[in-house]
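Visitor: The listed protein sequences correspond, in order, to chains A and B. Per my numbering: the first sequence = residues 1156 to 1388. Per my numbering: the second sequence = residues 46 to 217.
Check the hints yourself; a few may be wrong.
Pair by pair, the computed Cβ-Cβ distance ranges are [said to hold, decoys possible]:
1. A:ARG1249 with B:GLY109: 30 to 36 angstroms
2. B:LYS81 with A:VAL1224: 28 to 34 angstroms
3. B:PRO80 with A:GLY1226: 42 to 48 angstroms
4. A:GLU1250 with B:ASP194: 35 to 41 angstroms
5. A:ARG1192 with B:ASP89: 22 to 28 angstroms
6. A:VAL1224 with B:ARG135: 33 to 39 angstroms
7. A:THR1157 with B:HIS182: 35 to 41 angstroms
8. B:THR82 with A:ARG1333: 18 to 24 angstroms
9. A:GLU1290 with B:SER132: 38 to 44 angstroms
Some chain B residues flagged as far from chain A (calculated, every beta-carbon gap over 10 angstroms) [stated by the list, open to error]:
10. ALA54
11. PRO56
12. ALA138
13. ALA177
Note that these hints are calculated values from the structure, not bench results. Just so we're clear, the structure is a prediction, and the values are computed from it rather than from any experiment. For glycine and all other residues, C-beta sits at the position ideal for the given N, C-alpha and C.
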Amino acid sequence: MTQQAFTPPTATSFRDRRRQKTEDDLQLMQLAAGLIRSSHASGVQPRQLATLIAGLPADLFEQGEYIYVEGDPAEHFHFLIDGTVRVLVGDHERELIQLRAPAILGHLGVLTGLPRSATVQACGDVRLARMSHRELWRVVASDDSAAQGLRRMLLASMSQLISQTNQRLVELAPRHGRRVAANPKKDQPRGKQQTAKDVVSALADTFDPDLCAQADNVTLVKTAADERHRYKG
Amino acid sequence: MTVAHDFGALPAFRACSAADLNRFVSTTTTRHFAPKTPLIRQGDAAQGAWLIVSGRCRVDVVAGDHALTIGHAGPGELVGELGLFTSGSRRSATVVAETAVAAFGIPMDLLDNDTIAPVLAIVERRALSSLAERVRHNTGSVRRCDDADAGANTSESWSAGFVGTLHRLFGG
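Chain A extracted, bound-state conformation (with noise of 0.2 angstroms):
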């Protein structure tokens, strides 16, 4: 791995130095415009991200390098800016996706704290902006425009994962969780008084249908034994 300015100073002439900068620029908002779009996030400009990045030192590494290993504790994270890495899981480096710029790589493991949850290895040539783990809290902690941006950004991307788990935790909860009713009272207003067809609805799979059907012609009533029943529960 070697590093390097963000910007590569190649131009000489004032006029190209600005041009340089004007093509950097450019290309810094395109990069800004795309984490914001593949991360879905809200609330944040591309020039605020672009702001930040171009303030950041540059890692390159060439084919076949390791940018983090599985297990290693995460003490920064990368902005993907040029080319593809493949992401690779247990001990026989199971592939389980190439991740093309832009994106945003290893921030989890700095916000959580938890160890790198796998290993990224170059694909080609590849180009990252680093943030380490102190300037990024630092930078959160900031009330500047592009602190916000990085804030909205990783909350975007936070609340994706949590989404995504979420929905495996959903998988997992008719084995793993406690049985409720199912849909309570979803779409029935409060205090409104509730019929024998509505319990009968409720549980409609374990009745009968001819005793549904007739569900419309019976009122609940409630009774001395209820109130009773409710006094000793």
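Starting from the known structure of chain A, fit chain B onto it as the hints suggest.
Guide: Just chain B, lined up with the frame of chain A:
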């Protein structure tokens, strides 16, 4: 005791000026929820979030007639953040009031309102920390469930389950 007073008394917002707090309170919508009332329903379109001022909520994921409690939220915490910081999503969990709850509704378009930026910045910083905690909690829950399902063969299930989910999104 008003909701605005309760809000100003929350430790995270004590440093805010009265003018900032008043602007935030007058810009957002104040709602009161009775115990057992849902603030958010899983599957609904995610539009905006609730900032809890007082009371306590339970966060459940629901599948048919089963529910799994995945967390709780209290004063100063944000629930339904997916509807605030991303667009075009659906609620991934149900949030139910366990006690009487007072909350401020924050629609997505308020993110562009610069007059409430100082208070929103605090809300965002706190949300970043609490979401990190929720990720840790969810990670632990998924891992425990996967481990229980897989018995002795835990490492494979872990990879296929949580890590697969994680890296479809982030990769690192």
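Visitor: If any of the earlier hints don't hold here, list their numbers in rising order.
Guide: 2, 4, 9, 12, 13
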